[in-house]
Amino acid sequence: MSEIPGDLKYAKTHEWVRMNDDGTVTIGVTDNAQEQLGDMVYVEVPEAGRILEREEACAVVESVKAASDVYSPVAGDVVEVNEALAESPESVNQQPYGDGWLLRLKPADSGELDALMDAGGYQAFIESGDH
Numbered sequence: 127m128s129e130i131p132g133d134l135k136y137a138k139t140h141e142w143v144r145m146n147d148d149g150t151v152t153i154g155v156t157d158n159a160q161e162q163l164g165d166m167v168y169v170e171v172p173e174a175g176r177i178l179e180r181e182e183a184c185a186v187v188e189s190v191k192a193a194s195d196v197y198s199p200v201a202g203d204v205v206e207v208n209e210a211l212a213e214s215p216e217s218v219n220q221q222p223y224g225d226g227w228l229l230r231l232k233p234a235d236s237g238e239l240d241a242l243m244d245a246g247g248y249q250a251f252i253e254s255g256d257h
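For the sequence shown, our numbering begins at 127 and goes up steadily by one.
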């Protein structure tokens, strides 16, 4: 069973969003997504300073099974990326909500966060099979 922390927001494309105290958000792929993909062998993150649109492909996670795009759940400016993933992509598998985070951005419109699912909504979405 996948872990779905209650304090995060979720996108239908299987990204999670954590609101940070400084007004930025941290984004990663969900436990469910990393389970489906399998062992990560490569992670490509965007450059800091890049401006992303909501639902824009912004990163790539590559596993032994497949390569998959990661989409930005909200629009904003990339303020930091997880450089450690270049050396240890397996962090996405081991700690998808911890050291396996992908990027931090400053949202252009924090109201976009309201459109994302809460943990219960994401759990129902996974169980529905509509993904």
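If you are wondering where the hints come from, they were derived from the structure by calculation, not from laboratory data.
The structure displayed is predicted, hence computed values, not measured ones.
Be a bit skeptical, because a hint or two may be false.
Straight line, CA to CA, 25 Å or less: simulated SDA-like cross-link-like pairs of lysine to any residue [to be verified]:
1. Lys191 <-> Ser217
2. Lys232 <-> Ala201
3. Lys138 <-> Asp195
4. Lys232 <-> Glu161
5. Lys138 <-> Pro215
6. Lys138 <-> Glu213
7. Lys232 <-> Ile177
8. Lys191 <-> Lys232
9. Lys138 <-> Gln221
10. Lys232 <-> Thr139
11. Lys232 <-> Ala250
12. Lys138 <-> Ser189
13. Lys232 <-> Ser189
Hints, one by one, checked against the model:
1. Between lysine 191 and serine 217 the CA atoms are separated by roughly 17 Å; this keeps the pair inside 25 Å, and the hint holds.
2. The hinted pair formed by lysine 232 and alanine 201 meets the criterion: a straight-line CA distance of about 8 Å does not exceed 25 Å.
3. Taking the CA atoms of lysine 138 and aspartate 195, the gap is about 13 Å. The hint holds against a cut of 25 Å.
4. Our distance criterion of 25 Å between C-alpha atoms is broken by lysine 232 and glutamate 161, whose separation comes to about 28 Å.
5. At roughly 23 Å between alpha-carbon atoms, lysine 138 and proline 215 fall within 25 Å of each other, so this suggested pair holds.
6. A distance of roughly 28 Å separates the Cα atoms of lysine 138 and glutamate 213; the hinted pair therefore is violated under the 25 Å criterion.
7. Annotation: proposed proximity of lysine 232 to isoleucine 177 holds, straight-line Cα distance about 9 Å (limit 25 Å).
8. Under the criterion of a C-alpha separation no larger than 25 Å, the hint pairing lysine 191 with lysine 232 is inconsistent with the structure, at around 32 Å.
9. At roughly 20 Å between alpha-carbon atoms, lysine 138 and glutamine 221 fall within 25 Å of each other, so this suggested pair holds.
10. Simply put, lysine 232 and threonine 139 have alpha-carbon atoms about 20 Å apart, close enough for the 25 Å limit, and the pair holds.
11. The suggested pairing of lysine 232 with alanine 250 is violated, with an alpha-carbon distance near 28 Å, which exceeds 25 Å.
12. Under the criterion of a C-alpha separation no larger than 25 Å, the hint pairing lysine 138 with serine 189 is consistent with the structure, at around 20 Å.
13. This hinted pair does not check out: lysine 232 and serine 189 have alpha carbons roughly 28 Å apart, beyond 25 Å.
Consistency note: the structure conflicts with the earlier hints numbered 4, 6, 8, 11 and 13.
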